[in-house]
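Protein chains: 2
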Amino acid sequence: MRFSSCVNRIIPWRSLTTIATCEPSKPEMKTTFPGPKSMALKSEMSKIHQNASTRAFFDYERSFGNYVVDADCNKLLDVYMQISSLPLGYNHPELVDLIKDPRLITSLVSRPALGSFPRTDFADMIKSSLISVAPKGLSEVQTMLCGTSANENALKTAFIYYSAQKRGGKPPTPEDLTSCMKQELPGTPKWTILAFNGAFHGRSLAMLSCTRSKPVHKVDIPAHDWPISPYPRYKYPLDQNVQYNKRQDEDCLANIAEQFRSRREKGQDIAAVIIEPIQSEGGDHHGSPEFFKALQKITKENGAVFIVDEVQTGGGPTGTFWCHEQWGLQTPPDIVVFSKKMITGGYYYASHLKVNEGYRIFNTWMGDPTKLIVLEKVVKVIKEQRLVEQAKIVGGILKTGLEDIKSRNDKILNLRGVGTYVAFDLPTPELRDKFIEEACNSGLHVGGCGDSAIRFRPALVYEKKHAEITLDIINNVMNKF
Amino acid sequence: MRFSSCVNRIIPWRSLTTIATCEPSKPEMKTTFPGPKSMALKSEMSKIHQNASTRAFFDYERSFGNYVVDADCNKLLDVYMQISSLPLGYNHPELVDLIKDPRLITSLVSRPALGSFPRTDFADMIKSSLISVAPKGLSEVQTMLCGTSANENALKTAFIYYSAQKRGGKPPTPEDLTSCMKQELPGTPKWTILAFNGAFHGRSLAMLSCTRSKPVHKVDIPAHDWPISPYPRYKYPLDQNVQYNKRQDEDCLANIAEQFRSRREKGQDIAAVIIEPIQSEGGDHHGSPEFFKALQKITKENGAVFIVDEVQTGGGPTGTFWCHEQWGLQTPPDIVVFSKKMITGGYYYASHLKVNEGYRIFNTWMGDPTKLIVLEKVVKVIKEQRLVEQAKIVGGILKTGLEDIKSRNDKILNLRGVGTYVAFDLPTPELRDKFIEEACNSGLHVGGCGDSAIRFRPALVYEKKHAEITLDIINNVMNKF
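From first to last, the protein sequence lines are chains S and H.
For the first sequence, full-length UniProt numbering begins at 1 and goes up steadily by one.
For the second sequence, full-length UniProt numbering begins at 1 and goes up steadily by one.
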């Protein structure tokens, strides 16, 4: 089933060079969202593929810039952007132009097992994409396929490092190698990972053991018995709740120190701390620079690895390329994990964490060169068009506009955000869901997170004019509440 | 660094339509393997990316069909094929032609979050690729990004199903939803997975708890305490060791039944059995159809899920599209996992395993439409050119030729295989490694597995003439041993 006939003027994006000339000027709704054609496609798909989570079907060939077109020819301004994963919106002309890149088709159809047999230009690809935007102080990177596999391998790197430290920096002993095949000490250690209430780090079994955002992720799945500490829960506006919020930081840090102590006492040393700069799926909860600085200090003092999971925050939306740049750390995090807007999964690691033995950090594909070719161009566009700075400015416009709406509507709670990474709460989960429904039906494709939050995740090509349309629609929706 | 100047005649594959006309006619070695340019690239790469497992750098733009060209312009006949992951060899003309497919560039640069917002043609893509080659009796599929994430989600599906059965088929209770956030019973169950000695199912923490092929995968990484049973270890040739091999099956099956009993007694019910039709990374160990039929029966009687991991065997190399077709099962496996030659990761599942609640089997990308576009064409070529039948015939030629060499050289042990999925052992790990080195230096790119096995993993475009060159080189190498 294809639905091409309903769009009279097919967006001629293949021959254009700017977004401005081919992006719709405003949303246009022909049906409710999702519409009848999306629902028919969902029913058809259910016979051959799981689709309990399917919201709507999109016509990607007809989507452009900040606007997505669905199966029913509705044009929505998209501030959710494939769960925050499209950095330049839909069909950006410079990315579409990659069809001419001679490396593309070979990378796709002659896909390397990158861990063993990289392309001759693999180091160049890495340099011009990932290394060119590496967090300050980190100059090495490992590609993976997605955020979850990147987090899994970040944990493995931490376990390998922690075990090696316990051996005085030496490789595994013959006894380690024998006992690990029986999953016994000392080869299979009982080290643990410290994560946080409200965290989301992925949905593999190990990452679910760190994830504590929603029961639907965790129920019925066995887990590692790993420690969990509270993540600060601030009151807003920040400048009116300084003491309360400071106390939040202190209480959380005290709990973390205690977890290190009590787990070590049980022989379950914490090998790494993994944390998001902003808890995203869990409800857009922020931590203060002071909190993160103190957390890094405690982690380091305990000989553990400090892993910052920037899967959702990385790539510019918070107004700096990496959100943790805003903390003012004296030394870089040990590991910074990325995916989503970075097109490929992977992680930067401090040199002392490099794994020296082969086949310990390994799998068949270890990433995908086609994604690096896209990322090279994404990074070029972000730099040339100063899109990180733009996210900071436009995010400010969005937040100021929401403050204005909030001043007239007391159902908007805890307005918060950096860059375009803005969120607010509604009084109940039901009201939040109702808000999303009304906004989508008004042509604004927006997402939720946590129990009752609305989160904004526009692309980096989101401009002032898009923020103004966003605010108009939200104002109208809130007027009904 | 690029090394294009050293190839005098650049293979003009972009304008050709058959492999025969542009594939080299024989290997051609200019240096040892890996050569100095590969080593220089490795040294350069080490500054910015882990590369302890890097063997050599390949010039993929100059590789064609069964032949790979490395950074030093060596042309090797490749019977390893990116760890068994390229079904049609390098730069197959019909795949290169996909550059003209209008779906390709949009799928790449406007990548959907498939679990929530699929393309309008997603069901069509699935039908013409994965469903058109679905194992008999299975008509539903879930895409993922790689074999490991497919296996992780197969386990999650099994845990969800097993828990639901214990609740009489009902969804989680409020108590389940509350307790799982504290990782306590009943919401976080203590169910386990049964896997096998010598198994390989991936390198995430959960899959490593099922994997028992080599210490290097497992050492220093914490694990789930899950049961392990022996996998048959046959003597070859099979027809001269019938009684011994039958006893192997019986002993393994008795152990499996006992594991079900003892784990249930401890409240650690086995929710699923996961097994490879041929243990690949572990050393190319085969099981008999009788063993697998009995294993399915025991699994079913215990209410557990029977997961067949065809990540390495799927897609035709064993002479049937799915290796488990050769067992003569009365009912299909509950889950069949794939990746590698299938271009995308994923798994087929029996209808009763469909997860009805949203966001339980979910992640941001849930697969990649660009890979489905490639797979559509791969499947078309495999069917049109009867490549599965060819694998059976050519594999027979390869095995017969190896039998002949074996008859003159007693260092070739346990020759075994189905289709082109052929292997033999050498007397020691050192001799095996020496064999690989000599073969590569003679222009045959071959891989090992287990302690001392040589495994053949050519593409499906591997023909009689390639088998003959393979045998020539092996004969010469073995003459030196």
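Bear in mind the hints are in silico, worked out from the structure with no lab data behind them.
Among the clues, some could well be false.
Note: identical chains are not told apart, hence a pair may lie in one copy or across any two.
[As the list claims (entries may be wrong)] Heads up, simulated DSS-like pairs for lysine-lysine below, C-alpha to C-alpha not over 30 Å straight-line:
hint : residue 1 : residue 2
1    : 434       : 170
2    : 127       : 42
3    : 100       : 380
4    : 377       : 42
5    : 300       : 47
6    : 300       : 411
7    : 100       : 246
8    : 182       : 293
9    : 297       : 182
10   : 42        : 170
11   : 214       : 383
12   : 235       : 182
13   : 465       : 170
14   : 214       : 182
All figures in this text were calculated on a predicted structure; none of them were measured in a lab.
The hints, checked one at a time:
1. Taking the shortest alpha-carbon separations for residue 434 and residue 170, only the inter-copy value of 27 Å comes in at or below 30 Å, while the best intra-copy value is 58 Å.
2. In this assembly of identical chains, residue 127 and residue 42 lie within 30 Å of each other by CA distance solely across copies; the values are 14 Å between and 42 Å within a copy.
3. Both within a single protomer and between protomers do residue 100 and residue 380 lie at most 30 Å apart by alpha-carbon distance, with minima of 17 Å and 25 Å respectively.
4. Within a single copy, residue 377 and residue 42 get their C-alpha atoms only as close as 34 Å, which misses the 30 Å cut-off; across copies the closest is 25 Å, which meets it.
5. Proximity of residue 300 to residue 47 under the C-alpha cut-off of 30 Å is restricted to the inter-copy arrangement: shortest distance 24 Å between copies versus 52 Å within a copy.
6. In this homomeric assembly, residue 300 and residue 411 never come within 30 Å of each other (Cα to Cα): the closest approach is 42 Å inside a single copy and 53 Å across copies.
7. With identical chains, the CA atoms of residue 100 and residue 246 are never at most 30 Å apart, being 54 Å at best within one copy and 58 Å at best between copies.
8. Only between protomers do residue 182 and residue 293 lie at most 30 Å apart by alpha-carbon distance; the minimum there is 27 Å, versus 40 Å within a single protomer.
9. When the C-alpha separation of residue 297 and residue 182 is checked against a cutoff of 30 Å, the pair qualifies only between copies, where the shortest distance is 27 Å, while the shortest distance within a copy is 36 Å.
10. Proximity of residue 42 and residue 170 under a CA criterion of 30 Å is satisfied inter-copy only: 24 Å between copies versus 55 Å inside one chain copy.
11. In this assembly of identical chains, residue 214 and residue 383 lie within 30 Å of each other by CA distance neither inside one copy nor across copies; the values are 36 Å within and 45 Å between.
12. Taking identical chains as interchangeable, the C-alpha atoms of residue 235 and residue 182 lie at most 30 Å apart only when they sit on different chains, with a minimum of 25 Å there against 49 Å within one chain.
13. Taking the shortest alpha-carbon separations for residue 465 and residue 170, neither the intra-copy value of 58 Å nor the inter-copy value of 49 Å comes in at or below 30 Å.
14. In this assembly of identical chains, the alpha carbons of residue 214 and residue 182 lie at most 30 Å apart only when taken from different copies (11 Å versus 34 Å within one copy).
Comparing the model with each earlier hint shows violations of hints 6, 7, 11 and 13; every other hint is respected.
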